[in-house]
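J.: Kindly generate the complete structure, drawing on both the sequences and the hints.
In terms of our numbering, the sequence shown is numbered consecutively and its last residue is 411.
Check each hint, because a few of them may be wrong.
[Stated by the list, open to error] Pairwise CB distance ranges, derived in the manner of DEER restraints:
{"#": "1", "residue 1": "T182", "residue 2": "R298", "range": "53 to 61 Å"}
{"#": "2", "residue 1": "Q405", "residue 2": "T146", "range": "38 to 46 Å"}
{"#": "3", "residue 1": "A184", "residue 2": "D95", "range": "36 to 44 Å"}
{"#": "4", "residue 1": "R222", "residue 2": "R298", "range": "42 to 50 Å"}
{"#": "5", "residue 1": "E180", "residue 2": "E153", "range": "23 to 31 Å"}
{"#": "6", "residue 1": "R325", "residue 2": "N191", "range": "40 to 48 Å"}
{"#": "7", "residue 1": "S147", "residue 2": "A195", "range": "17 to 25 Å"}
{"#": "8", "residue 1": "S262", "residue 2": "T321", "range": "24 to 32 Å"}
{"#": "9", "residue 1": "Y193", "residue 2": "Q92", "range": "24 to 32 Å"}
{"#": "10", "residue 1": "I225", "residue 2": "Y151", "range": "19 to 27 Å"}
[Unchecked claim] Pairs of lysine-lysine residues, derived as DSS-like cross-links and limited to a Cα-Cα distance of at most 30 Å, are as follows:
{"#": "11", "residue 1": "K85", "residue 2": "K216"}
{"#": "12", "residue 1": "K216", "residue 2": "K145"}
{"#": "13", "residue 1": "K212", "residue 2": "K85"}
{"#": "14", "residue 1": "K248", "residue 2": "K275"}
{"#": "15", "residue 1": "K299", "residue 2": "K246"}
{"#": "16", "residue 1": "K299", "residue 2": "K248"}
{"#": "17", "residue 1": "K308", "residue 2": "K85"}
{"#": "18", "residue 1": "K85", "residue 2": "K275"}
{"#": "19", "residue 1": "K246", "residue 2": "K212"}
Treat the hints as calculated values from the structure; they're not laboratory data. Being a predicted model, the structure only gives us computed values, none of them experimental. C-beta: ideal position from N, C-alpha, C; glycine also.
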Amino acid sequence: MTPRHVTPIYGKDANVIVQLLDLHVAQPAEGDSNNGPAPLQILESGTGHGALTLHLSRAIQAANALPPPIPKTSTIEYLEQPPEQPNPSKEAKPAPEPKRETSAEQEQTQAQEQEAWNTYRATRKAIIHTVEVHSTFSKHAEKLVRGFRRGIYAGNIDFYVGRVETWVSEQTKTKSEPFLTHAILDMPSAHLRIPLVASVLKADGILAVFMPSVTQITECAMYIRKQGIPLELDKVIELGTGISGGRTWDVRFAVKKSKADPGWDNTNDQSASEGTVEESVAVESEGEEAAAKAAEAQTGAKPKEEPVLVCRPLAGQMIGAGGFVGVWRKMQMPSASS
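T.: And the structure:
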């Protein structure tokens, strides 16, 4: 058991999320450190407790060679200087830790460990970039990963403190093409970060958004459609151990049946309504159609039908695994020549 700074994603839920990402890694071959395909890179925006980070690292462990000894100092990279929080009570400040004197030999050993660690990082074939705005959470997650089985999975993870916008900006300075194969957003207002993250996601890459409620997932779906982001919704999964035990949700955009059915005929609809108590409705419908035809004559185009968002659980599809996970896949954009 570890102390909590934030609510963790429990093991069985983390396992389901990892399975939804459809991760496939190849074992590294001897002498291919600089050759072969580009490394598999995963972005986790919202490190939190570090439980999901640990499960992700375990899933890609086979792609990397065994790491050298972990440096004793923290390897967290700070993307931006955090703002100083006002603290009117001086007594509330913690006492400074006593400085430990290090000999020249110890400093040399630490420098060698750090150099070996940096060399190893450059040869990895699978990398997890986990970004967190709170330094306290990031430090705790790093401690958790290092303490699990003597840090066997620590070499796959790069910790960052800052905003995901800053991280993407720093990465695109040295990378001109999309480089992420997977991305996970576990943060408030995740839909606002989707356009930025999607811009560095490779074609056929997977984006997963973890949210407490299904309305937040539908908000992401509507935002993606409104912004025209080339992401296709694959599935929505409810995670939970209470009432449902986990189930698949049907979240999609659909056109009204009356307009989508090729056999729908306006004349038949009118004849069926004659002699009934719903004549007023038919008259109102005719008025709307006349107005639509008038608008079509002026603009030269038919009024666009707005699709309806369907959101309901799929019966009979249970997944043994709280919250909701939406999974999108980035579509292949047509080339300029085609």
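J.: Now tell me if each hint is right for this structure.
T.: Here is how each hint holds up against the structure:
1. Checked against the hint of 53 to 61 Å, the pair T182 and R298 passes, with Cβ atoms roughly 56 Å apart.
2. One distance hint, 38 to 46 Å for the beta-carbon pair Q405 and T146, holds here, with the actual separation near 43 Å.
3. Checked against the given bound of 36 to 44 Å, the beta carbons of A184 and D95, roughly 40 Å apart, stay inside it.
4. Checked against the given bound of 42 to 50 Å, the beta carbons of R222 and R298, roughly 43 Å apart, stay inside it.
5. Checked against the hint of 23 to 31 Å, the C-beta distance between E180 and E153 comes to roughly 28 Å, which is consistent with it.
6. At about 46 Å, the beta-carbon gap between R325 and N191 stays in the expected band of 40 to 48 Å.
7. Checked against the hint of 17 to 25 Å, the C-beta distance between S147 and A195 comes to roughly 19 Å, which is consistent with it.
8. A hinted range of 24 to 32 Å for the beta carbons of S262 and T321 is consistent with their spacing of about 25 Å.
9. The given range of 24 to 32 Å is respected by Y193 and Q92, whose C-beta atoms sit roughly 28 Å from each other.
10. For I225 and Y151, the hinted distance range of 19 to 27 Å is satisfied, since their beta carbons lie about 26 Å from each other.
11. Proximity of K85 to K216 is assessed by CA-CA distance (about 22 Å); at most 30 Å being required, the pair is judged to hold.
12. Taken as a hint, the K216 and K145 pair is honoured in the structure, with Cα atoms around 11 Å apart against an allowance of 30 Å.
13. Between the alpha carbons of K212 and K85 the distance comes to roughly 24 Å, so the proposed pair stays at or under 30 Å and holds.
14. Proximity of K248 to K275 is assessed by CA-CA distance (about 12 Å); at most 30 Å being required, the pair is judged to hold.
15. Restraint check: the Cα-Cα separation between K299 and K246 comes to about 28 Å, which is no more than 30 Å; the hinted pair holds.
16. The hinted pair formed by K299 and K248 meets the criterion: a straight-line CA distance of about 28 Å does not exceed 30 Å.
17. The suggested pairing of K308 with K85 holds, with an alpha-carbon distance near 18 Å, which does not exceed 30 Å.
18. Distance restraint check for K85 and K275: the Cα-Cα separation of roughly 28 Å lies within the 30 Å cut-off, and the hinted pair is therefore satisfied.
19. For a cut-off of 30 Å, the pair hint linking K246 to K212 stands: about 26 Å separates their Cα positions.
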